[in-house]
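Taking the hints into account, I'd like the entire structure generated from these sequences.
Protein chains: 2
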Amino acid sequence: MENVTAAVSLALLLFGAPAAVPSVLDIEKEKAALIRTDIEFSDAAQKLGVGEAFLLYADEGATMLPSGGDAVTGKEEVRKQFADFPKGATLAWKPFRADVARSGDLGYTLGTYESRAPGPDGKTVTRYGKYCSVWKKKDGSWKWVVDVGTPSPGPR
Amino acid sequence: MENVTAAVSLALLLFGAPAAVPSVLDIEKEKAALIRTDIEFSDAAQKLGVGEAFLLYADEGATMLPSGGDAVTGKEEVRKQFADFPKGATLAWKPFRADVARSGDLGYTLGTYESRAPGPDGKTVTRYGKYCSVWKKKDGSWKWVVDVGTPSPGPR
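Protein sequence lines correspond, in order, to chains A and B.
Residues in the first sequence are numbered consecutively from 1, following our numbering.
Residues in the second sequence are numbered consecutively from 1001, following our numbering.
Do not take every clue at face value.
Using C-beta positions, here's what the derived DEER-type ranges look like [stated by the list, open to error]: (1) A:88 - B:1079: 36 to 44 angstroms; (2) B:1140 - A:118: 49 to 57 angstroms; (3) A:39 - B:1070: 16 to 24 angstroms; (4) B:1092 - A:90: 34 to 42 angstroms; (5) A:27 - B:1081: 22 to 30 angstroms; (6) B:1067 - A:139: 32 to 40 angstroms; (7) B:1139 - A:88: 48 to 56 angstroms; (8) A:118 - B:1083: 22 to 30 angstroms; (9) A:32 - B:1061: 12 to 20 angstroms.
Below, simulated DSS-like cross-link-like pairs (lysine-lysine); rule was C-alpha separation at most 27 angstroms, straight line [to be verified]: (10) B:1138 - B:1029; (11) A:138 - B:1075; (12) A:143 - B:1047; (13) A:143 - B:1138.
Hints listed in this document are in silico derivations from the structure and should not be mistaken for laboratory results.
Idealized CB from N, CA, C, for every residue including glycine.
Spelled out as C-alpha cells, the structure:
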C-alpha cells in the first residue's frame, strides 16, 4: 500500500495535480460558455449602459485599442473611454466564433456589432463593425483583457 | 509491483498524461517565445514582403478584421487582403505585451505598427497604429489565428 501511495504521489509530481491544469476539459463546452458570456455582456450593455457593462466584464489589466487613439489599459482608462459615449446611443453585439485554450484559462471571441446613435437631425444613425475580445478566466469567471473593433460596411 | 503499475496507470487516467496537457509550463518563457515569434514575423514582412509573411505565419483558419470590410477567414482570403498592398509600401510592428494560456496552446500579442507608403507627391507617408494578434500553437509553432489593428495618432 505504501508503494501504491508513493507511486500515485510520484505520478502526481511528474504529471501534475488537477488543481494546476485541468487535463480533461470539454473544450466545446468551454467555448459555448464563453459565447454565452459574450452574449450576456452585450445584454448587460443594453440594461446597464455600455460603459457600466464594459467595466463589469473587464479584467483589472484590460486593454482597449480605440481607433484614432493610443492603447489604454486598466479599468480607470476603460471608464474614461466611455465617458463621452453619446446619450441615447446603444452598442449591441453578437459573437460568431469562440476558441478556448486546452487549460480553459484563456480564450477569445469574434463577433459583429451595431451601434445606434441620434444623428445631428435627430434621426438614428446605425453603424456596423466587428470585434475581437480576448478573455481570461479568473476565479471561475471570464473577464475580457483585450477589446478591439473595426468598422464594417454592414448589411447590403 | 503490479499494484504500483496499476496505481500509476490510474493516476495517469485520472490526472492526464503529459501529452494531453503539459502541466508544468514556464509561462514567462512561453510569453518570451511568443514575443520573439511576433518580432520574427515583422522581420519576415521586411524581407519577404508583408503579404508573404502574413501567409507564412497564418493558421489555416486565420481571420482578419480589416477596417471598412467584413471579417475574412482562411489563407486564400488573407492572400487577397494583401493583393492591393501598394508597391514600395512597408509595414513593421513591435509587440509590447504577450500572454499565453497555462496549456501553452493559445496566446495573444499586442503591439504598435508603422506603415510607410509613397504618397501622391512621391513623398513617404507614415501611418501609425496598434494591433492585437491571437496565436495558436500547432505542431510546436505559433501561427496567428486573428489579426486586427486600428489607427493611432503616432508619436507627438
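The hints, checked one at a time:
1. Here the CB-CB span from residue 88 of chain A to residue 1079 of chain B is close to 43 angstroms, well matched to the stated 36 to 44 angstroms.
2. At roughly 53 angstroms, the beta carbons of residue 1140 of chain B and residue 118 of chain A sit within the given window of 49 to 57 angstroms.
3. Against the hinted window of 16 to 24 angstroms, the Cβ-Cβ separation of residue 39 of chain A and residue 1070 of chain B comes to about 21 angstroms, which satisfies the hint.
4. Checked against the hint of 34 to 42 angstroms, the C-beta distance between residue 1092 of chain B and residue 90 of chain A comes to roughly 38 angstroms, which is consistent with it.
5. For the hinted restraint 22 to 30 angstroms between residue 27 of chain A and residue 1081 of chain B, the CB-CB distance of approximately 29 angstroms keeps it satisfied.
6. Distance hint for residue 1067 of chain B and residue 139 of chain A: a CB-CB separation of about 35 angstroms, consistent with the stated range 32 to 40 angstroms.
7. A hinted range of 48 to 56 angstroms for the beta carbons of residue 1139 of chain B and residue 88 of chain A is consistent with their spacing of about 51 angstroms.
8. The beta-carbon spacing between residue 118 of chain A and residue 1083 of chain B, approximately 39 angstroms, falls outside the hinted interval of 22 to 30 angstroms.
9. Taking 12 to 20 angstroms as the suggested C-beta distance range, the pair residue 32 of chain A and residue 1061 of chain B conforms, at roughly 18 angstroms.
10. For the hint pairing residue 1138 of chain B with residue 1029 of chain B, the CA-to-CA distance comes to about 17 angstroms; that is within 27 angstroms, so the pair holds.
11. For the proposed pair residue 138 of chain A and residue 1075 of chain B, the alpha carbon gap of about 34 angstroms is over 27 angstroms, so the pair is violated.
12. About 38 angstroms separates the Cα atoms of residue 143 of chain A and residue 1047 of chain B, which puts this hinted pair outside 27 angstroms; it is violated.
13. For the hint pairing residue 143 of chain A with residue 1138 of chain B, the CA-to-CA distance comes to about 25 angstroms; that is within 27 angstroms, so the pair holds.
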